[in-house]
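Quick mapping for you: the protein sequence lines, in order, are chains H and L.
When we follow our numbering, the leftmost residue of the first sequence carries the number 1, and every step to the right adds one.
When we follow our numbering, the leftmost residue of the second sequence carries the number 1, and every step to the right adds one.
Note that these hints are calculated values from the structure, not bench results.
Predicted model only: the values in this text are computed from it and were never measured.
Be careful, since some hints might not be right.
[Claimed, not checked] Now the in silico label distances, taken between C-beta atoms and shown as ranges:
{"no.": "1", "chain 1": "H", "residue 1": "90", "chain 2": "L", "residue 2": "100", "range": "30 to 38 Å"}
{"no.": "2", "chain 1": "H", "residue 1": "47", "chain 2": "L", "residue 2": "91", "range": "36 to 44 Å"}
{"no.": "3", "chain 1": "H", "residue 1": "20", "chain 2": "L", "residue 2": "138", "range": "44 to 52 Å"}
{"no.": "4", "chain 1": "L", "residue 1": "21", "chain 2": "H", "residue 2": "20", "range": "39 to 47 Å"}
{"no.": "5", "chain 1": "H", "residue 1": "36", "chain 2": "L", "residue 2": "324", "range": "44 to 52 Å"}
{"no.": "6", "chain 1": "L", "residue 1": "275", "chain 2": "H", "residue 2": "81", "range": "20 to 28 Å"}
{"no.": "7", "chain 1": "L", "residue 1": "369", "chain 2": "H", "residue 2": "36", "range": "42 to 50 Å"}
From the three backbone atoms N, C-alpha and C, an ideal C-beta is built for every residue, glycine too.
Each chain, written out:
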Amino acid sequence: MHQNRPPGGGLEDLLALQFQDQLAEQDEQTQGLLKAIVDVVDAFGRLLGDGPVAEGAVYRENIRLIDKELKKAVLEHGVELIGVLGESAEPDTHLVSEVRTGTGRPDEEVVEVLQQGYRFRGRVLRPATVTVAAPEPKNRTEEQR
Amino acid sequence: MKAIGIDLGTTNSVVTRYNDVRGTASVLANAESETLTPSVVGMRERDGSQKLLVGRNAVNFAARNPTDTVVSVKRLMGRDYAHETVAQARDRLTYEIVPGADDDPRAHVVIAGKHYTPAEVSSIILDKLRRDAARALGEEVTHAVITVPAYFLDAQRAATREAGTQAGLTVKKIIDEPTAAAVAFGLELNDQERRRVLVYDLGGGTFDISILHMAKDKDGRGHFQVLSFTGDSWLGGDDFDHAIVNRIIEWVKADSGVDPTGDKKFLFVARSKAEEAKRQLSQLDDADIVIPAAYRMPEGGGLGDVDMVITRDEYEAMIQPLVERTMRLVQQALADQNLSPEDISDVLLVGGSTLTPKVYETVESYFGAGKVRRDVNPMECVALGAGILAGTMNGVECPSCARANEEDAEVCEGCHQSLTGARTLDAPKIYEVTGMALGIGAVRGAQQDAFVPIIPRGTPYPLPEPMKRSFNTTDGRRIRVPVYEGDSTVASKNTEQGVVEYELPQEIDVNTRVDVSFNYDSDRIVTVRISVPGTHMIKEMTLRTDTPRTLQPAAQEYAEENIEWRQQLTATAAETHRFLETHGEFIDPAQTLTIRRHLEQAERALHFSDDTECQRMANVLRKDLYGSGVASQFLLAERATAGAPPETARQLNNAVADVRRSYQAGNSELVGEQTRLLRTLIAQAFTERDVAEVDDAVDFDGLLRIDE
Chain H
1 MHQNRPPGGG LEDLLALQFQ DQLAEQDEQT QGLLKAIVDV VDAFGRLLGD GPVAEGAVYR
61 ENIRLIDKEL KKAVLEHGVE LIGVLGESAE PDTHLVSEVR TGTGRPDEEV VEVLQQGYRF
121 RGRVLRPATV TVAAPEPKNR TEEQR
Chain L
1 MKAIGIDLGT TNSVVTRYND VRGTASVLAN AESETLTPSV VGMRERDGSQ KLLVGRNAVN
61 FAARNPTDTV VSVKRLMGRD YAHETVAQAR DRLTYEIVPG ADDDPRAHVV IAGKHYTPAE
121 VSSIILDKLR RDAARALGEE VTHAVITVPA YFLDAQRAAT REAGTQAGLT VKKIIDEPTA
181 AAVAFGLELN DQERRRVLVY DLGGGTFDIS ILHMAKDKDG RGHFQVLSFT GDSWLGGDDF
241 DHAIVNRIIE WVKADSGVDP TGDKKFLFVA RSKAEEAKRQ LSQLDDADIV IPAAYRMPEG
301 GGLGDVDMVI TRDEYEAMIQ PLVERTMRLV QQALADQNLS PEDISDVLLV GGSTLTPKVY
361 ETVESYFGAG KVRRDVNPME CVALGAGILA GTMNGVECPS CARANEEDAE VCEGCHQSLT
421 GARTLDAPKI YEVTGMALGI GAVRGAQQDA FVPIIPRGTP YPLPEPMKRS FNTTDGRRIR
481 VPVYEGDSTV ASKNTEQGVV EYELPQEIDV NTRVDVSFNY DSDRIVTVRI SVPGTHMIKE
541 MTLRTDTPRT LQPAAQEYAE ENIEWRQQLT ATAAETHRFL ETHGEFIDPA QTLTIRRHLE
601 QAERALHFSD DTECQRMANV LRKDLYGSGV ASQFLLAERA TAGAPPETAR QLNNAVADVR
661 RSYQAGNSEL VGEQTRLLRT LIAQAFTERD VAEVDDAVDF DGLLRIDE
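Throw the hints in and build the complete structure from the sequences for me.
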């Protein structure tokens, strides 16, 4: 809470100060996220500045670690990942791009993630783009019978 | 009461509300915190239960339920199943479109096996918009102003109004999209100044051009008249995105030899990057398109990246043909009104795609930069105009006691007098005029299919009093008054709004004068009144324009005549083909196009439609055969000549030759005179032979005659 509240301030002043506190907190969070991203940029710089790649597995491990750090940074700042194999697709969080039959998986279960989705403080920044399992199509007239 | 403005779009819808303090409207975010709500409805069936999906959620699950997800329902609003637009939509859309049950000719859509009218689907979208707006405002939303394209006919406007009512809204006004845009742009007029405004509306999937006339009368009331509208229902910003996606595919092919067109994952990301690049190219000279690990290289080569640049010059060359297509339509719209670019005082740019520099620069270079307005967000301006009207319309003023009443009130709450012709109490002073003429199909001279306007195009409404014209009966006690909306002099080329039928009682002379009057209220509902002066004979009917168009005979009669109608349509279609081949040069080119369109519709009816539609099409073709001026007289002359005595045949042939010569010489006066003589000869020949064709030729089927 703000420490320099003027004595005798009314409700309006109090709300203004609270708003300032919120802005300062948001600013601090943004700086933290940017610092984490800058660290990732540095890591890429080191990797690319190291000359020709000698061994594929080592190089891949370098990339995996950088990816892990970047994901950790965004998750720590309140971003949730959407789109995990085996979860059930939901219209408000998953964009179904393809339907696959004959997988043996339950209807609408995610069987492939084409693009990860993200949610921030309850708001879907981007739905996950997924392929879902579906039963073999039935003839509509048969269904109605 | 809280009122909102709604732009109920083909692809997306936008909601706005008016702020009294600021005097402006602003866009409301929906429950998903987005300002655009996709105009999409779907059904999710899971574990034996069904749940309606609306907006973004329906889009997200469209691939899961493609046949149960309805997009672009606006294209079907108030349309009959047999309409050309509906036929086009059936070819392009993944869900099922069917005619209604029990001879209802309107197009319906099928969601999870259940039939819905397009108005019902729209009401589901409007209901979400209403609920989301209430959530954003923290209070119940009860009233709305909803926009529709200027080319919407009364049936489509009625369907939109019905959708609003079903969604729990009192629809204060249905307003033309270009008029709403003009309100949002705040075009100010000096007293008695006139302006001609062109609205260039390039949305995601449709392109509309409207030319508006704006004038302020001595009382300070603004008049908006939509003079002309045209466009392309299948052209829009999505085509710009496709052009960029194609360029990315070309780049991948050139860079690696891989064709990624079958890679759905690649195409999905490429489409998203193309949209982003399009936005960047509106601001910058070039856009980087970078997609790491975009596609699989051949033979275990790993994943290939896309790393390319599109310059604005390249992009503009790619979309040049599309922009040129829009400008050809602009030129067409001007030519239709005999206008030049200099005659246009203002050009308003509407739709997200007008943010593209190539688009607005092309429009500016054609009209002059000073006339082109793009200072209001083009994706929101229609909704903003609707919001301003929603917030500032304060009901209607009773002409008798000056009390303010609700917009939809028919009689004054205070003095109970009719509010027909009541003035709207609204700040922007919208005063509308009819975009098309309303009239009836009647006999005029030799033309059986003449359109006689009763309310001319451009008439301010609601009418202070009904408008009337007088006619004469033709061939019996039965009176048939088909009501049309349109601008063609040929009735059947216009849109039929309904048919009023009446049997003259015995005490009234069969050859009598009949008055037909139309009233047109603020809801654009037509009340038709048929009366015989000096008698008590009055037939009044209010046309519910979103109900089945033509009164149908009893179902049993159909059952008996099923085969006959199908056979008759086959025969009439063959006769019409021959008519076009033999007498085509004597038919007006526009009429020829109409007849060809009717033949295509007849072909479809024979293959896909029920007997009701076959009967309707057989009648439409009969009107074409007997209502095509000189050519129809030649057709009848052929029939009269066949089997006629030699002298009669010789007279008929000579008369036909005379008309042909005068027609080819362009002497219309002589053509008229000689055609009248030919008709007399035909009638005589038929009478002499007493053949059945006489009935076909002169039976006016209860139509009235206009004598001018």
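>> Hint compliance check: list the failing hint numbers for this structure, sorted ascending.
In response: 2, 3, 4
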